[in-house]
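Engineer: Listed below, chain by chain, are the residues.
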Amino acid sequence: MHTLIQVIIDGVILGGFYALMAQGLSLIFGIMRVINLAHGEFLILGAYMAWVAQEYLGLDVLMTLPLLIALGFGFGWVVSRVVIMPVLERHELMPLLITFGLASVIAGLLTVTFTTTPKVTTAAYSDSVISLLDYRVSVSKAVMLVAALVLLTMLTLFLNRTKKGKAMKATAQNREAARIVGINVTRMYCSAFGLGTAVAFAAGGLFSVTQGFHPFMGGLFTLKAFVIVVLGGGGRVSGTLAAAMFVGIIEAGLSGYVSNIGTSLGTAAAFVLVVVVLALRPEGISRLGGVRA
Amino acid sequence: MSTVVQPAEAERRILAATARPRRKVVKYRSLIVLLLAGVGMGLVPYSGLNDSVLLTLSTMFMWIILSSSWNFISGFTGYVDFGHGVFFGLGGYVTGLLVVKAEMPFATTVPLAAVFAAVFALLIGFPLLRLRGVYFSIAMLGSFLAMRELVLMATPLTEGAQGLVLPPEVNRLFFYYLFLGGAVLIVAFAWWLRRSQFGMSLLAIKDDERGAEARGINTTLLKLTVFCLSAAITGAVGACWAYEITFIDPEIMFRDSFLINVALMTVLGGLGTVWGPVVGTVLFLMVRDTLWAEQGNSFLVVFGAFLIAIVLFMPEGIVGTVQRGERTVLGRLINRVRHRGAGAADADSLETATAVRSVQ
Chain A
8 MHTLIQVIID GVILGGFYAL MAQGLSLIFG IMRVINLAHG EFLILGAYMA WVAQEYLGLD
68 VLMTLPLLIA LGFGFGWVVS RVVIMPVLER HELMPLLITF GLASVIAGLL TVTFTTTPKV
128 TTAAYSDSVI SLLDYRVSVS KAVMLVAALV LLTMLTLFLN RTKKGKAMKA TAQNREAARI
188 VGINVTRMYC SAFGLGTAVA FAAGGLFSVT QGFHPFMGGL FTLKAFVIVV LGGGGRVSGT
248 LAAAMFVGII EAGLSGYVSN IGTSLGTAAA FVLVVVVLAL RPEGISRLGG VRA
Chain B
0 MSTVVQPAEA ERRILAATAR PRRKVVKYRS LIVLLLAGVG MGLVPYSGLN DSVLLTLSTM
60 FMWIILSSSW NFISGFTGYV DFGHGVFFGL GGYVTGLLVV KAEMPFATTV PLAAVFAAVF
120 ALLIGFPLLR LRGVYFSIAM LGSFLAMREL VLMATPLTEG AQGLVLPPEV NRLFFYYLFL
180 GGAVLIVAFA WWLRRSQFGM SLLAIKDDER GAEARGINTT LLKLTVFCLS AAITGAVGAC
240 WAYEITFIDP EIMFRDSFLI NVALMTVLGG LGTVWGPVVG TVLFLMVRDT LWAEQGNSFL
300 VVFGAFLIAI VLFMPEGIVG TVQRGERTVL GRLINRVRHR GAGAADADSL ETATAVRSVQ
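Chains A and B are the protein sequences, given in the same order.
Take this note's numbering: the final residue in the first sequence is number 300, and no numbers are missing along the way.
Take this note's numbering: the final residue in the second sequence is number 359, and no numbers are missing along the way.
Extracted from the complex, chain A is given alone in its bound form (with noise of 0.2 Å):
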């Protein structure tokens, strides 16, 4: 029952984590239809970062949050623009083949930088842990699920509540008529891919402090959103939420009940949900399409 427990928590400080990482993947997906293959490279580099402004800076990763996230925003412009835009109308491998080229250049470049070592940024309350009832939660990671917390909320308000939001949302729901009406659809486009990376780099500066990192998790961490954004439907905040924690609560419960190999098997379950959940579900996330906030 202890154990029980502890996982549940685990797997829902995890699950928050992931929410924010899908919800970033998702709305791109949502606005642009492009899948983003350095996705999970993009949060490594957030996490990278995070790191550097810690140990040459001395900033604290919330306080580099904000700048994570202008840098991830102009960086997600500056990449959609260049890349990603002239081959958006072409055939929807084009795409991909761009975000997987992208993939490797990233992990590439931070191998070169910061080798493959895995890196763990240190903050004031790294060592601190939270106990309760003898059930335990490090404060770094309860600092994380708090803060993706807020940005998830953030983002839905954003979304919902102001013009520019709104207006990201109707490009996705119809671009014709979103052009007819006078909105930008190639600024929304790029704005929603800055966007989703801005959201990538702030997963991945919480992360930073959890959890040693190194240049070729990656390809899991894409992996893992797509997982994410397909049983959550692709819809609403609150299904990729509830779909993250699902995932969160799995893994957290394969490697707490299974010794030794629980994280590996964790990868393997991920890949097995997607198989398992496309094959039920055929329609995948298209059907939904749209918008999600």
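Treat the hints as calculated values from the structure; they're not laboratory data.
Each hint should be verified, as a subset may be incorrect.
Which bits of chain B does chain A cover? Going by a derived footprint, with three or more residues having C-beta under 8 Å, they are [stated by the list, open to error]:
#1 139-150
#2 303-313
Label-pair restraints from in silico Cβ distances [to be verified]:
#3 A:88 - B:332: 24 to 30 Å
#4 A:10 - B:104: 20 to 26 Å
#5 A:74 - B:246: 31 to 37 Å
Virtual Cβ for every residue (Gly too), placed ideally from N, Cα, C.
Based on the hints, put chain B in the right spot on chain A.
Structural biologist: For chain B alone, coordinates are given in the frame of chain A:
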């Protein structure tokens, strides 16, 4: 409707009118070139070259087979397989296990590896190939990553990260001719595929899957068939390669660079073309081996950027641009040069055809 000539029809007529009559030699030109190249390459070992040249060439033939088989599912059908390495690794492990644990002779394990890869492709292809391309792509990437973890975990069987040592078989010539024969066969098959109804249906799926379905093409069946075929070929190559290098572990058999290699080779040469994977592979390996002696991580950066550049500026690849490159600046230039000798009228009607196509 019948009195108005449709643009597509007009274009067809124009092209039919201006095309030079196809002689048999022209029709079989590709096959003749292939045969000559095959025989020429078959004579290379007798010209007194050293072992390392033979190794380089046989590696090249192996990659030609791999990129061609990737081209069947990704180039022809348009379903980009970002986890094709899973079949390579599986093939290698099936042979490795059968040779080491069951002490079977190498020759019997290769068909078994191919069958195993095909069955695995059937199992994951059935749920995945009914979907649109993006889901398939990312799910294959997932299956690649997951399979590596599984092989690493199944220690009692695969020895995990420790790897398997196969009986050494250092017969360079054997593998040289094996891969050469395979490469010739697969290019011949691609040539047949490009002009068969099967291949045309695959190209139709790539261009307009719903349209193809409406026309009565059983798209799921065709996609599954070509996917299993491609997987079987890759599995067999993985089996041979595992036997050649005599030592396998998950990091070797399921390496990340495999995925970007096949993608880059095929895209560079031209997706969905017969000679594209060949041209792309030769060029890629030449560039890689001369500029990057070691496959470090700068390799990932440079070739990732290279892939992006090709998709942006030469999406049809080298062969595609030369053959039907009206859609790119470079291709139009090539077309103009090629048709200069054919006379002004010819060039004019070609321009018309191009204009008609661009209007569409």
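Engineer: Does each hint fit the structure? Answer for all of them.
Structural biologist: Outcome of the hint check:
Under a criterion of three residues with beta carbons nearer than 8 Å to beta carbons of chain A, the stated coverage of the region 139-150 of chain B is upheld, 7 such residues being counted. Only when three residues or more bring their CB closer than 8 Å to a CB of chain A does the claim for the region 303-313 of chain B stand; here the count is 7, and the claim holds. For residue 88 of chain A and residue 332 of chain B, the hinted distance range of 24 to 30 Å is satisfied, since their beta carbons lie about 28 Å from each other. In this structure the supplied range 20 to 26 Å is violated for residue 10 of chain A paired with residue 104 of chain B, their Cβ-Cβ distance being about 50 Å.
Checking the proposed 31 to 37 Å range against residue 74 of chain A and residue 246 of chain B shows it is violated: the Cβ atoms sit about 47 Å from each other.
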